[in-house]
Amino acid sequence: MTLAEKGSHPDLPPVPVSQSPVEKFREFLELRNLKCTGERLKMVEHVFEKHNHFDADQLTATMKESGIKASRSTVYRTLTLLVEAGLLRDLTFGPKTVYEHDYGYPHHEHLYCEKCGDVIEFISEELTRLQEEICRRHNFRPTVQ
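When we follow this note's numbering, the leftmost residue of the sequence shown carries the number 900, and every step to the right adds one.
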């Protein structure tokens, strides 16, 4: 079982958003004066077809299987832009960097087993409140990782 399969969480409820991921990415690219290429937009559509964890190599392979042509460098550059745009979140699970949807999904946590590679996603309002309280107490501003 791959990280993508282990990281899928069909019960993670989507959050209503005002723009589609493609629209939000177009807007981000325009604000940065970057090219909005067909390759990039097809990649965004492909990434947001289902919620799972994936690495760059897995994405490249599934895009190829789906008939979407994009160079490896385009995939890596676009993943970086998608993280900067707030559409994806990058996570480190063991030796791998994996990505997941950040846009349109609630804040949640992960547990990663270093032995078997299982990933568990969960939502904990109690943990979120505790993190916020500790940040307030120490004048820290929390960032999502």
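Worth double-checking, as some hints may not be accurate.
Below are the EDC-like pairs computed for lysine to aspartate or glutamate, each with C-alpha atoms no more than 20 Å apart in a straight line [claimed, not checked]:
hint, residue 1, residue 2
1, Lys934, Glu983
2, Lys963, Glu983
3, Lys949, Glu1031
4, Lys934, Asp956
5, Lys949, Glu922
6, Lys949, Asp989
7, Lys923, Glu1032
8, Lys941, Glu964
9, Lys1014, Asp1001
10, Lys949, Glu1008
By construction, these hints were calculated from the structure, which means they are not laboratory data.
Legend entry - List of violated hint numbers, smallest to largest: Of the numbered hints, 2, 3, 4, 7, 9 do not hold.
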